[in-house]
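From first to last, the protein sequence lines are chains L and S.
Positions 1 to 293 (our numbering) are the ones given, in order, by the first sequence.
Positions 1 to 324 (our numbering) are the ones given, in order, by the second sequence.
One or more hints might be untrue.
[Said to hold, decoys possible] No farther apart than 25 angstroms at their CA atoms in a straight line, the calculated lysine-lysine pairs in the BS3-like style are these:
1. L:Lys79 with L:Lys249
2. L:Lys148 with L:Lys238
3. L:Lys148 with S:Lys45
4. S:Lys116 with L:Lys249
5. S:Lys165 with L:Lys249
6. S:Lys10 with L:Lys118
7. S:Lys165 with L:Lys54
8. S:Lys116 with L:Lys20
9. S:Lys116 with L:Lys280
10. L:Lys280 with L:Lys208
11. S:Lys118 with L:Lys16
12. S:Lys86 with S:Lys74
13. S:Lys53 with L:Lys148
14. L:Lys249 with L:Lys54
15. S:Lys172 with L:Lys21
16. L:Lys280 with S:Lys118
17. L:Lys54 with L:Lys64
18. L:Lys21 with S:Lys116
[As the list claims (entries may be wrong)] Taking beta-carbon pairs under 10 angstroms as the criterion, some of the chain S residues facing chain L (in silico):
19. Phe20
20. Phe26
21. Leu28
22. Leu102
23. Asn190
24. Gly243
25. Phe308
[To be verified] Away from chain L, derived, C-beta distances all over 10 angstroms, residues of chain S:
26. Arg43
27. Lys70
28. Trp76
29. Pro98
30. Leu106
31. Glu170
32. Ser171
33. Gln219
34. Ala279
35. Val310
None of these hints come from the bench; they were simulated from the model.
Built from N, CA and C at the ideal position, the CB exists for glycine as well.
Here are the chains, one letter per residue:
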Amino acid sequence: MAAKPEVGIDASYASKIRAKKIFRTVICVLLCIMSIFPFYIMIVNTTLSSDTIKHGIHLIPGNKLVSNFKGMLERTAGKGTTVWQAMWHSVIIAVPATILQVYFATLTAYGLTVYQFKLRNMAWSFIMAIMMIPAQVSIIGFMNLMIKINLYNTYWPLIIPAIAAPSTVYFMKQYMSSALSVEIIEAARIDGSGEFATFNKIALPLMKPAMATQAIFAFIASWNNLYTPTMMISDNRKYTLPMFITGLKSDSIRTDYGFVYVGLTLTVFPLLVVYFALSKYIIAGVALGGVKE
Amino acid sequence: MKRKTVEYGKYGYIFIAPFFLVFLLFQLYPLIYTFYLSFVEYRMKDGKWNTPKFCGFDNYMAMLTKTDFKTGQKVWFNTLPMNSIKNTLIIWIINFIPQILLALLLAAWFTDTVVKLKGQGAFKVLMFLPNIITASSIAVLFYNLFANQGPVTILLRNMHVIPEKYNFMESKTATIGIIAFMQFWMWYGNSMIILIAGILGINPSLYEAAMVDGASGKQQFFSITLPLLRPILEFSLVTSAIGGLQMYDIPSLFNVTNTGIGQPDRVSHTVTMQIREYASSSNPDYGKAAAISVILFIVTLIISLIFFVVTREKQPKQKHAVIR
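Let the sequences and hints guide you as you build the complete structure.
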C-alpha cells in the first residue's frame, strides 16, 4: 500500500488525523450498535412479560424466559408445524440442497475448465447470462409443473433445482483457474486414473476452500428462503422455518409479545452462532465473489 | 508440449450435462410455461377450474389497463399490478441510494492509509451481520418493534417525538420508510465489503504517484478510486435492482393484512406479492399471475441489457460478480 508520510508531520496535522480517526471510529461504533440493537432488544424481550414489553424499550433482562418459552411452545403446538419440526424441515431441505449445489457447480466448472469442446464458450456465456434471470419470474410455470408431476407439497422442488446454480458455477470457475493446473490432471491420466476418479479424488480436494465458502452461502440462502416454499408448500404440517415465522404474526399469538420474541429468537439464534463461528470465511467469501482479478 | 485435450472433449459434455438438464427441466421449461400461461385463461371460477383456453393479450390488458367506473373509459397503467411494480421500485430506490453512498464512504474510510482505523475486522463482522439473518425474522421483529403497541412506538410516544395516537402501521410514508430501512440495514454491509475488495484491487502505485504529486485524500478518492470503481458500482447497481425487483420476504411479513396485502392502502404491496396474490388467493388466476410475471421478467431484462450496453464499451480489466 501507499507509503506513510513519515516526514514533515507537524502537530496540527497529527491532531487533525487524530480527530478524523476518532470521528470515524465513533460513526462505525454507532453503526455496529445499530446492527446489534434490534437483536439485543429481541433477546431481552424474551425474558419479559407481555405487559412489561408494552411499556417501551427495556435494556435489562427479566425472569420470564421459561414461562415465555413454554407459552410459545404451547401456543404454536397443534397449528401444523412446531418450531422444532420447522427447523428439522429446513435442515432436511438445506443440507441436500447445499451438497448438490456445491458438488454439481464444481463439476460443471471443472467440465468447462479442463475440457476443450465445441460448445464450451457458448455454454459458459449461457451460464453467465442466466445468472441475471431471477427464479421468481418463472415461479407460476414451476408451480404448475410441480402440480402436474405430483411434486407439489413435497420438498423436491426446493432441493433438485440447486443442481443448476449459475452464480456458484461462476465462482467455482474463477477459483479453479488459479487453484487447479492442467499438469496435475495430465499426471493423473498418465497414472491411469479415469476422468471421474480424477475429478473426485484430485480436483475436489484442491477445491475444498472454495467449496466450503460456497457451501456456507448456499446453506444460508436455502435456510432463509421464503418465497419458493410459500409457493410450493400449502400443507401446514410441512412448513419450513421461515414459514413458521409467518405464523408468529397470526392472531392467536401476536398479542403475547413475550411468546413472539421467544419464537423469533429461536429462529435467529442458530444463525447468529453459525455466523460468529464462520464470519471470517463469510466476509472473505463475499469479498472474493465481489472482485476477481 | 501438445495437450491431448481433444479426445477428452466428450467428458466436457458429460460433466456439464447435469447442470443443463436440471436447468432445462426446472428453470427454462417453467419459464416458457409461464409465457404460455400468460396467454391463456386459466382460473378458478365458483370453486371450479376452467379448461385452459387461449385468450390472446387479455391477461396483459388486464394488467395494463382498467375501466374507469365513472367515465367508462380505459385507463392505462394505474392498475393494481402496475402499482405493485411502482411500489417495488420506490422501495428499492429509497433503500439503494443511501445504501451505496454509506457503503462507499465506509469503504473509503476502511482503505484510507493515512487515517488508519482500528478494529476494522470487528466493524466489518458486525456491519455485515444483518445480511445473513433470515429476512422473515427481521421483518416480524421490526413489525413487533414498530407496531401500535410495540416498544419503539411506545418509547417515541412517551418522548413526544410522535403524537399520542400516531401509528407507524397506518402511515404510508412510515411503512415504506421502515421497509426501505430494513433493506438498507441488511445490505449496506454487503455492498461495503464488495467495494472494499474493489478498492484494494486498484493498483497501489496510482495512489503513491498521486501522493508524490501532493493530492489530498479527497482528490485521490474522486480522481482515482471512484473512476476505477465505476464498473463494480454499476454491477452492484444492476444486481441490486434485479434483486430489489423480486423483494418479497420483508414487505410480505411487515405490514400486511391476513391475506397478505401490503398495507396501508397497498403501498407496500410488491410485484412478487402480487404474483402470489393471483396464484394463491381463494380464486386463483394463473393466467394473470403469469402475465405479471412476464412483465416483471421484461422489466428485469431491460435493466440487465442497459447494464451490458453501458459497461461493454469501457470494459476494464476487472471481472466481478455478487453473491446473493
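Results for each hint:
In summary, the hint linking Lys79 of chain L to Lys249 of chain L is supported, as the alpha carbons are separated by about 13 angstroms, within the 25 angstroms threshold. Between the alpha carbons of Lys148 of chain L and Lys238 of chain L the distance comes to roughly 19 angstroms, so the proposed pair stays at or under 25 angstroms and holds. Simply put, Lys148 of chain L and Lys45 of chain S have alpha-carbon atoms about 20 angstroms apart, close enough for the 25 angstroms limit, and the pair holds. With a C-alpha separation of about 45 angstroms, the suggested pair Lys116 of chain S and Lys249 of chain L falls outside the 25 angstroms cut-off, and the hint is violated.
Only pairs whose Cα atoms come within 25 angstroms are accepted, and Lys165 of chain S paired with Lys249 of chain L is accepted, the gap being roughly 22 angstroms. The hinted pair formed by Lys10 of chain S and Lys118 of chain L meets the criterion: a straight-line CA distance of about 10 angstroms does not exceed 25 angstroms. The suggested pairing of Lys165 of chain S with Lys54 of chain L holds, with an alpha-carbon distance near 15 angstroms, which does not exceed 25 angstroms. For the proposed pair Lys116 of chain S and Lys20 of chain L, the alpha carbon gap of about 10 angstroms is at most 25 angstroms, so the pair holds.
Simply put, Lys116 of chain S and Lys280 of chain L have alpha-carbon atoms about 21 angstroms apart, close enough for the 25 angstroms limit, and the pair holds. Note on Lys280 of chain L and Lys208 of chain L: the hinted pairing holds, with a Cα-Cα distance of about 16 angstroms set against a maximum of 25 angstroms. Pair hint Lys118 of chain S plus Lys16 of chain L holds up; C-alpha atoms about 17 angstroms apart against a cutoff of 25 angstroms. A C-alpha spacing of about 20 angstroms is found between Lys86 of chain S and Lys74 of chain S, which places the hinted pair at or below 25 angstroms, so the restraint holds.
Restraint check for Lys53 of chain S and Lys148 of chain L: the C-alpha separation of about 17 angstroms stays at or below 25 angstroms, so the hint holds. Of the pairs offered as hints, the one joining Lys249 of chain L and Lys54 of chain L holds, with about 16 angstroms between alpha carbons and a cut-off of 25 angstroms not exceeded. Between Lys172 of chain S and Lys21 of chain L the CA atoms are separated by roughly 39 angstroms; this puts the pair beyond 25 angstroms, and the hint is violated. With a C-alpha separation of about 17 angstroms, the suggested pairing of Lys280 of chain L with Lys118 of chain S holds against the 25 angstroms cut-off.
The straight-line distance between the Cα atoms of Lys54 of chain L and Lys64 of chain L is roughly 14 angstroms, inside the 25 angstroms bound, and the hint therefore holds. For the hint linking Lys21 of chain L to Lys116 of chain S, the alpha-carbon distance of about 7 angstroms falls within 25 angstroms, and the restraint holds. The interface hint given for Phe20 of chain S holds, since its Cβ lies 7 angstroms from the closest Cβ of chain L, which is under the 10 angstroms cut-off. The beta carbon of Phe26 of chain S comes within 4 angstroms of a beta carbon in chain L, closer than 10 angstroms, and the hint placing it at the interface holds.
Because the smallest distance between the Cβ of Leu28 of chain S and any Cβ of chain L comes to about 8 angstroms, under 10 angstroms, the interface hint for this residue holds. This hint holds: Leu102 of chain S has a C-beta 8 angstroms from the nearest C-beta of chain L, less than the 10 angstroms allowed. About 6 angstroms separates the beta-carbon of Asn190 of chain S from the nearest beta-carbon of chain L, less than 10 angstroms, and the hint is met. The criterion of a C-beta within 10 angstroms of any C-beta in chain L is met by Gly243 of chain S, whose closest approach is roughly 7 angstroms, and the hint holds.
For Phe308 of chain S, the shortest C-beta to C-beta distance to chain L is roughly 9 angstroms, which falls under 10 angstroms, so the interface hint holds. The non-interface label for Arg43 of chain S is consistent with chain L: the shortest C-beta to C-beta separation is roughly 12 angstroms, beyond 10 angstroms. Remark: the non-interface label on Lys70 of chain S is consistent with the geometry, its nearest Cβ contact in chain L lying 34 angstroms away (cut-off 10 angstroms). Listed as outside the interface, Trp76 of chain S is consistent with that label: its C-beta sits roughly 23 angstroms from the nearest C-beta of chain L, beyond the 10 angstroms cut-off.
Listed as outside the interface, Pro98 of chain S is consistent with that label: its C-beta sits roughly 12 angstroms from the nearest C-beta of chain L, beyond the 10 angstroms cut-off. Distance check on Leu106 of chain S: its Cβ comes as close as 7 angstroms (rounded) to a Cβ of chain L, failing to clear the 10 angstroms threshold; non-interface status is violated. Every CB of chain L lies more than 10 angstroms from the CB of Glu170 of chain S, the least distance being 17 angstroms, so the non-interface label holds. For Ser171 of chain S, the condition that its CB be more than 10 angstroms from all CB atoms of chain L holds, with the nearest at approximately 19 angstroms.
Every Cβ of chain L is farther than 10 angstroms from the Cβ of Gln219 of chain S; the closest lies at roughly 14 angstroms, confirming the non-interface assignment. Not every CB of chain L is more than 10 angstroms from the CB of Ala279 of chain S (nearest about 6 angstroms), against its label as outside the interface. With a least CB separation of 14 angstroms from chain L, Val310 of chain S remains clear of the 10 angstroms interface cut-off, as annotated.
In summary, the structure is inconsistent with hints 4, 15, 30, 34 from the numbered list given earlier, while agreeing with the others.
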